[in-house]
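**Student:** So the chains spell out like this:
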Amino acid sequence: MAYTLRVRLESRLAVVLTPLLGACVLALALKAWWPVELAGIMLAVGLAFDLTLYHKLLPYQPGWVALPLGLLELAAVMGLARLLNVGATLAVALAFYGGAWLLAQVLGHAVFPLTRLSYGDDGGELGRAGAGVAATALVVLAAAGAVAWATQPPVVRLAAGVHEGPLTLDYSQKLVGEPGAVVRGGIVVTADDVTVRDVTVIGGEHGIQVELAERVLLERVTIRGATLDGINVRRGQVTIRDCSISMLGNEYGQGIDISFTADLAPSVVEDCELIGGQEGIFLDSVHAMARENLVRRTTLRGITVTEMSMAEVEENTVEDVVGIGIYCSDYSMCDIRENSIRGVLPDRASSDSMREGYGIVSHYWAHVEVEDNNISRSPYEMGEFAEAYITHD
Amino acid sequence: MSNVCAIVGGGLAGFVGYAALRKGGLEPAEIAVFGTDPDPAAAWRVRAAAIRQRRMRSESDGHCAPTSFPGLAVRAALRRRSLVPLAESVCDRFHPTVEEFLDHLEHLRTKTSWDESFRLGRIKHVRAVEGGFELDEHGSFPHVLLAPGHPGLAFPAELAGDPRAVHAYEPHEYADEVEVVGAGMAAATEWLNAIAAGSSVVSVRRREPERRPLNLPRELFTRRGLAAYHDLPPDERVLFLRRHSAPSYPPGRWWDEPLERARRDGRFRVAPAVNGAGQIICATGFKRGFRSDALLRKLVAEHGLDTVDGWIVLTPDSTVPALTDAERTLALAGAPAQWSYPAADTLMGAKYASRRLLRKVHAWRTR
Chain W
0 MAYTLRVRLE SRLAVVLTPL LGACVLALAL KAWWPVELAG IMLAVGLAFD LTLYHKLLPY
60 QPGWVALPLG LLELAAVMGL ARLLNVGATL AVALAFYGGA WLLAQVLGHA VFPLTRLSYG
120 DDGGELGRAG AGVAATALVV LAAAGAVAWA TQPPVVRLAA GVHEGPLTLD YSQKLVGEPG
180 AVVRGGIVVT ADDVTVRDVT VIGGEHGIQV ELAERVLLER VTIRGATLDG INVRRGQVTI
240 RDCSISMLGN EYGQGIDISF TADLAPSVVE DCELIGGQEG IFLDSVHAMA RENLVRRTTL
300 RGITVTEMSM AEVEENTVED VVGIGIYCSD YSMCDIRENS IRGVLPDRAS SDSMREGYGI
360 VSHYWAHVEV EDNNISRSPY EMGEFAEAYI THD
Chain H
0 MSNVCAIVGG GLAGFVGYAA LRKGGLEPAE IAVFGTDPDP AAAWRVRAAA IRQRRMRSES
60 DGHCAPTSFP GLAVRAALRR RSLVPLAESV CDRFHPTVEE FLDHLEHLRT KTSWDESFRL
120 GRIKHVRAVE GGFELDEHGS FPHVLLAPGH PGLAFPAELA GDPRAVHAYE PHEYADEVEV
180 VGAGMAAATE WLNAIAAGSS VVSVRRREPE RRPLNLPREL FTRRGLAAYH DLPPDERVLF
240 LRRHSAPSYP PGRWWDEPLE RARRDGRFRV APAVNGAGQI ICATGFKRGF RSDALLRKLV
300 AEHGLDTVDG WIVLTPDSTV PALTDAERTL ALAGAPAQWS YPAADTLMGA KYASRRLLRK
360 VHAWRTR
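Chains as they are written, first to last, in numbering that gives the first Met the number 0: chain W, 0 to 392; chain H, 0 to 366.
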């Protein structure tokens with residue numbers, strides 16, 4: 000088909016209407032805006048490519064070209080979604096995009112030509128109906144955007160300087176610290192849809208405590224001197240990203256402890272640096288993903304997944320820890336892939352054979368799948384204990 | 000209701016127009032089709048058989064149905080229970096067989112009740128009257144689609160009366176030595192036919208043919224290319240049409256390999272003029288221009304219609320501007336409609352004209 004520019008823009012809007020409506024329904028069901036954000040990015044990428052590339056480069060477009068163009072747009076959409084921190088999982092985003100693409104093909108090749116006699120010789124134009132549908136798509140997108148904007152939690156700015164805590168965040172909000180903003184004595188989150196960003200927390204029992212709260216985002220937080228855990232999550236669902244937690248000198252605390260959230264949406268810990276404490280990341284009875292973190296100098300284990308958890312532990316670096324690098328225990332199921340584990344020291348004070356310096360341990364009916372982990376400077380690479388097992392992909 | 004629309008010409012262009020009008024809600028009783036043979040493919044069938052055409056140059060949407068979907072590739076996929084036609088179609092490689100095309104045409108002929116509207120007879124005179132057009136003694140119609148077809152086969156003047164000469168579109172066999180005049184699709188088909196029949200072939204041509212899948216660049220089939228075409232002033236439009244009427248046939252091994260083999264064997268060569276072969280096949284297409292068609296010539300003369308060179312001036316929607324208003328429509332389809340649509344002599348061209356006629360009819364009905 001030799002599409003006109005009007006057709007490209009109009010049909011782009013027309014075919015996105017159904018996915019957009021679906022995204023709105025999904026957003027309502029999930030109480031999250033990422034489906035609409037994703038649909039918006041898809042539309043923006045498509046329109047931008049139509050205007051800048053396709054119309055100029057493709058005076059005629061054979062049917063098969065839809066496939067490489069679809070892949071090109073997919074790459075751009077996924078890249079932008081990642082850049083803008085759209086909170087969709089990869090599989091869901093791919094499914095959403097794939098479904099929308101397929102629908103567009105069916106509409107463009109079958110439904111539109113059937114409903115409009117001159118579809119072909121009009122270069123794919125849909126007449127007044129097309130303009131109407133396109134306008135409707137824009138209205139839906141604008142309305143969804145307006146609702147999303149209007150329902151955004153308020154942004155609370157934390158000025159530079161020291162603020163005495165503990166701060167309790169008991170309603171939905173974005174707490175954003177200005178450079179130099181410090182909270183002494185900890186932060187407690189008890190409301191859903193809370194974001195804490197660019198804040199340093201010093202002291203407190205827990206640096207940040209999340210209780211019974213979902214869709215909590217802790218981003219670029221720095222935690223020092225907590226007496227128990229750096230971040231402690233109970234019955235909550237969190238995304239922790241780009242954090243820095245020092246537990247040096249803390250004998251019993253964990254850098255991050257997420258527990259008892261198995262019935263909630265998965266929590267994510269990524270791109271964090273954790274040093275010191277008993278364990279860097281402790282996941283107990285959860286669905287979670289820990290990826291691309293750096294865990295160092297812990298005294299019990301680097302990363303622990305236990306008590307019927309399901310977790311993906313990927314691309315982390317664990318080094319200079321005592322006893323065990325990554326530990327999966329108690330009926331948990333762990334995917335442990337592409338981690339770098341080095342310098343696991345045997346625990347001389349323990350008579351426990353598991354603690355003789357293993358990179359990865361599967362314990363007590365746990366099932367671990369491993370792939371492409373790099374374990375060095377450790378007495379043992381992997382060990383299975385108490386009816387647990389490890390499989391290699 | 001009756002006498003809403005008349006179609007002058009019962010060939011493929013007329014049939015495509017009829018199917019579009021039927022799809023648009025007109026009943027058979029509201030349409031009168033005037034032609035010389037109730038089989039809309041009668042003339043085309045003879046020509047296709049003469050050049051032993053097996054596949055269409057057109058692709059999946061080269062059919063007579065009013066909507067482009069489902070095309071012939073979808074139908075072939077269903078019939079053959081294979082995805083291959085669809086895969087070929089998305090790569091612009093699907094060319095239906097002549098048999099598939101004709102089967103679909105027959106199916107459509109029955110489905111649209113073509114024969115109920117068909118009236119045997121050649122219209123010789125179209126005269127504008129109040130609110131419509133009078134067609135010979137058949138009464139007046141507010142909307143008329145003229146689809147008279149090609150006005151006749153074109154022979155090079157120097158071969159007129161030469162007993163060795165036969166037109167490619169007339170039934171013929173192949174002599175041992177054949178000269179094929181022309182370089183378009185029919186000529187290329189005849190080269191292969193004659194070679195396959197064991198003949199030695201001389202391709203007589205003054206210029207090299209272009210190689211393109213369809214007889215015009217693809218963008219000229221849709222609004223994208225047409226918008227620029229319609230913006231051309233008359234003299235440039237004439238140049239454009241002349242330039243794009245250069246002979247062409249599709250690229251591909253299917254054409255090139257037999258020719259190359261024959262060339263190596265000394266059985267195929269190119270020459271600038273005929274030179275004594277026992278048989279001369281004139282693959283020189285059709286006569287051009289409204290003056291070659293008695294009906295159009297009279298229409299232009301009686302109504303003082305604007306013309307440029309051999310073309311009747313039409314609006315972009317294929318209607319005659321001086322004879323079309325809210326009360327009546329005179330539209331052209333097929334080769335005479337090139338002023339509006341350069342590929343007017345294709346099925347796509349016939350659809351283009353008839354879909355726009357249908358809009359006029361709908362507007363007339365709801366005015």
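Source of the hints: derived by calculation from the structure; they are not laboratory data. Because the structure is a prediction, the values reported are computed rather than measured. Cβ atoms here follow ideal geometry from the backbone N, Cα and C, with glycine treated the same way. Be a bit skeptical, because a hint or two may be false.
Claimed, not checked - If the Cβ cut is set under 8 Å, some of the chain W residues that face chain H in the computed set are:
id : residue
1  : 2
2  : 97
3  : 98
4  : 100
5  : 116
6  : 120
7  : 124
8  : 243
9  : 245
Claimed, not checked - Taking CB as the label site, the calculated pair distances span:
id : chain 1 : residue 1 : chain 2 : residue 2 : range
10 : H       : 79        : W       : 70        : 25 to 31 Å
11 : W       : 380       : H       : 86        : 16 to 22 Å
12 : W       : 109       : H       : 272       : 40 to 46 Å
13 : W       : 109       : H       : 365       : 51 to 57 Å
14 : W       : 98        : H       : 269       : 31 to 37 Å
**Student:** Evaluate each hint against the coordinates.
**Tutor:** For each hint, the structure was consulted:
1. Hint status for residue 2 (chain W): holds, given a least beta-carbon distance of 6 Å to chain H, under 8 Å.
2. The restraint placing residue 97 (chain W) at the interface with chain H is violated, with a minimum CB-CB distance near 18 Å, outside the 8 Å limit.
3. Taking 8 Å as the C-beta cut-off, the interface hint given for residue 98 (chain W) is violated, the closest approach to chain H being about 20 Å.
4. At its closest, the beta carbon of residue 100 (chain W) sits 14 Å from a beta carbon of chain H; the interface hint therefore is violated under the 8 Å criterion.
5. Interface hint status for residue 116 (chain W): upheld, as the beta-carbon distance to the closest one in chain H is roughly 5 Å, under 8 Å.
6. A cut of 8 Å between beta carbons decides the hint on residue 120 (chain W): the least distance to chain H is about 5 Å, and the hint holds.
7. For residue 124 (chain W), the interface hint holds, since its Cβ comes within 8 Å of a Cβ in chain H; the closest pair sits about 7 Å apart.
8. Here the hint on residue 243 (chain W) is broken, as its CB sits about 52 Å from the closest CB of chain H, past 8 Å.
9. Because the smallest distance between the Cβ of residue 245 (chain W) and any Cβ of chain H comes to about 58 Å, over 8 Å, the interface hint for this residue is violated.
10. Remark: the range hint 25 to 31 Å for residue 79 (chain H) to residue 70 (chain W) is upheld by a beta-carbon distance near 29 Å.
11. Between residue 380 (chain W) and residue 86 (chain H) the C-beta distance comes to about 49 Å, which lies outside the given range of 16 to 22 Å.
12. Look at residue 109 (chain W) against residue 272 (chain H): about 51 Å separates their beta carbons, and that is not inside 40 to 46 Å.
13. Distance hint check: the CB atoms of residue 109 (chain W) and residue 365 (chain H) are about 28 Å apart, inconsistent with the given range 51 to 57 Å.
14. Checking the proposed 31 to 37 Å range against residue 98 (chain W) and residue 269 (chain H) shows it is violated: the Cβ atoms sit about 55 Å from each other.
Going through the hint list in order, the structure does not satisfy hints 2, 3, 4, 8, 9, 11, 12, 13 and 14.
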